[in-house]
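Chains as they are written, first to last, in the numbering used here: chain A, 1 to 435; chain B, 1001 to 1321.
Please keep in mind that the hints were generated in silico from the structure rather than gathered at the bench. Don't be surprised by glycine CBs; every beta carbon is placed ideally from N, CA and C. Some clues are possibly wrong.
If you want a taste of the chain B side facing chain A, the calculated C-beta under 8 Å gives, among others [said to hold, decoys possible]:
#, residue
1, 1221
2, 1222
3, 1229
So the derived label-pair ranges between C-beta atoms look like this [what the hints assert, rightly or not]:
#, chain 1, residue 1, chain 2, residue 2, range
4, A, 328, B, 1305, 19 to 29 Å
5, A, 111, B, 1301, 56 to 66 Å
6, A, 227, B, 1301, 49 to 59 Å
7, B, 1015, A, 294, 56 to 66 Å
8, A, 344, B, 1065, 50 to 60 Å
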Amino acid sequence: MSRSILSFKKLNLHNFITKCVKRHYSSLISISIRRPSSAYYSYPNNDFFNSTILSRLQLKIISYSTETLINPKIHEKLEGLIIRHSLLSEQLSKQLSSNDDPDCLAKIFKELSDLSEITDPYNELRKAQGVELEEINTILQETTTTKEEELKVLVQEEHQEYLKKIKLLEQEVVQALLPKDLADEGSAVIELRAGTGGDEAALFVNDILKMYERYAELRKWKFEILSKSEDHNGAVKEVVATISGKGVFGNMKFESGVHRVQRIPVTEKAGRVHTSTITVAILPVPSETDVKFKDSDLRIDYYRSSGKGGQHVNTTSSAVRITHIPSGIVVAIQDERSQPKNKAKALQILQARIYDMERKKLQDERRENRRKQVGSGERSEKIRTYNFAQNRVTDHRINLTLYELNNILNGESLQVIINGLKVHSQIEILQNNDI
Amino acid sequence: MLHMIKRLLSINGNNINQAKQELKWLKQHVLQQTRKPLSEISLNEKKNLNNFEKKLLNELINERVEKSKPLQYILGTQPFCDLEIVTKPPVLIPRWETEEWTSKIISILIPFLQQRKEKKKFEILDICTGSGCIALSLSHHLPTNSSNIHGIDISPYALSLAKLNHHIFNSTKQLKNLVKFSKLDILKATRDELDLFIKNSTEIGKGFDLILSNPPYVTHEEYKTLQDDVKLWEDKIALVAEEGGTAFHKRIAYLAKDNWLLYDSKSDLPQLIMEIGGSHQVSDVVNNLKNCGFKHVKIWKDIANKDRCVVAKRTHFFHPT
């Protein structure tokens, strides 16, 4: 448990949080309780947390729980990096004075600058978490008993600012540690298919589709259905849609897998609970700027470029032929009487052709990805269960259960689960990768 | 049609694609004369020509093949930086190399002029303007009312064609900056004449910010070897220069060497750009420029990888491109 949370306990937590809610500061509250060695989230079952305000607050709390990312293991890793950094700095100053091995020097420089990307924010974080926060906490505790409301609020605000700062720094450290995936920033294609369970599964495809549509709307992303195969009673066998916007894939990628529903189908007359599944596949979409070629990849030929050129000749041959060396694609244009215009046209066409080629390649990769992600759509590979009778949704990968099925299906609380999954994935990457 | 292509082969270096392309353009030109509106004519149209049109086309091919008339004089225009420049013998036909470096300087000037805060307009001088292609392209592309452009030439043919082009683009509202053309013999002009010219043509009478020129640079020896379509049709004074083809470059460098013809601004832009005939002229022109106080001189190559322009600046640093 981090220091900041401990300090909260000393406060009149209920008052504090209520105030924050009134003042729309809920997003600044940071409370998280972790079990060691797994990213498991639950809430103490007492009256306090069952209050209506807090059941809504829970979501916020968990969505800001990235603090837990810096666990002892990561901490150890970071401390190791700090030591490595100071060791290298020492070596560097030695090398600089002796100056006999420039290659070695360059190597040290490179490693140092790479390390600094992680250690610089980490050092700042340590400073902020240490002395600076301590001071604020002391003042905070002193003022809890004071009658001067304004001062109290002021100190609390200051405290919150600090927590916010620490959070940002932590995120920076974690981001620096994590390998970067450019696809995360871009848009995504989502594919939903009915799995086991017949009509009931198909009906559930529609429910999940609505959930994503609403979620995209809340995130201000553009949602567009590309194809939909529907049967007579409104059940959807399969649907493909695009969600475009910033960071779509980075959030949506965790939705890939088998989603299970347990409920009494509207078609069931005997009132028995059925279990059905649908499969979800999320694919990244490349951005337009992904298609770029280096000048060195191009060979540009002009049909009469021998001779002196300029005033010496009056050439009418404005033809331009551009070869894209890596792919072997050739575009030749001679329609325009202006050579620069022909060149511009040829480049434009070349760009389109290369994009087309890369997209085809990408489609193959996607097919492969989909095969890996979705599997056969059997119940055993489930990632999440939606249980209507118990009003709960459980994500099995992180063992997270939320008792607010409707809020999830209307997209409002989906982000909570996604954030949990993000944290989980970050922890996995941080622990598995030998950073 | 095949016999027409065959006839056009000789003047197209026996390149059949090029001959076909020329025939397409000629045919399109004939159709433009005989069938209007223009929108009905497309390059790939397989419309059969009537006898009159065939006769006309044959006459054009005769001119092209028997008389070595440049295609641009037959068609009457040459595209240059998005303008259809009217071409008339014997004024030099705009070359693609010139078009290339003109677009380059335009792309350098645009961001500079957009950020420039001075009220004084940016003064540009185009020496040996010919058809006016460089001056008019600058006027067309540079930010509205950011610059004054002045084109000078010795040839009355050139000046009247430049003014015709100016009139055409002005009436189609394609010019965004003031352009003036005047007669001036850059080689022989006296100091007084130049003083008067600077005073009359620039806003504050203090010289130009940028001098551009595509001056004659063909040597006497080279001239003898030129193809008929150049030698028989284009004005010799637009092509040939003394001193190994560098007489104009040296004269311009001399005139620009103090703060008189060339106003000393404090930007990162080049101050003087002159087209050259190739690498054989580089050292001569560059040394001369350095002697005239141009500390920074560099060469721009054209897309055929030939040394095409000397780009000079007296002080400060160059634009990064």
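Do the hints match the structure? See the list:
1. At its closest, the beta carbon of residue 1221/B sits 12 Å from a beta carbon of chain A; the interface hint therefore is violated under the 8 Å criterion.
2. The interface hint given for residue 1222/B holds, since its Cβ lies 7 Å from the closest Cβ of chain A, which is under the 8 Å cut-off.
3. The interface hint given for residue 1229/B is met, as the beta carbon of that residue sits about 5 Å from the closest beta carbon of chain A, less than 8 Å.
4. Taken as a hint, the range 19 to 29 Å holds for the pair residue 328/A and residue 1305/B, whose Cβ atoms sit roughly 23 Å apart.
5. Separated by about 40 Å at the C-beta atoms, residue 111/A and residue 1301/B break the suggested range of 56 to 66 Å.
6. Checked against the hint of 49 to 59 Å, the C-beta distance between residue 227/A and residue 1301/B comes to roughly 52 Å, which is consistent with it.
7. Checked against the hint of 56 to 66 Å, the pair residue 1015/B and residue 294/A fails, with Cβ atoms roughly 30 Å apart.
8. Remark: the range hint 50 to 60 Å for residue 344/A to residue 1065/B is contradicted by a beta-carbon distance near 31 Å.
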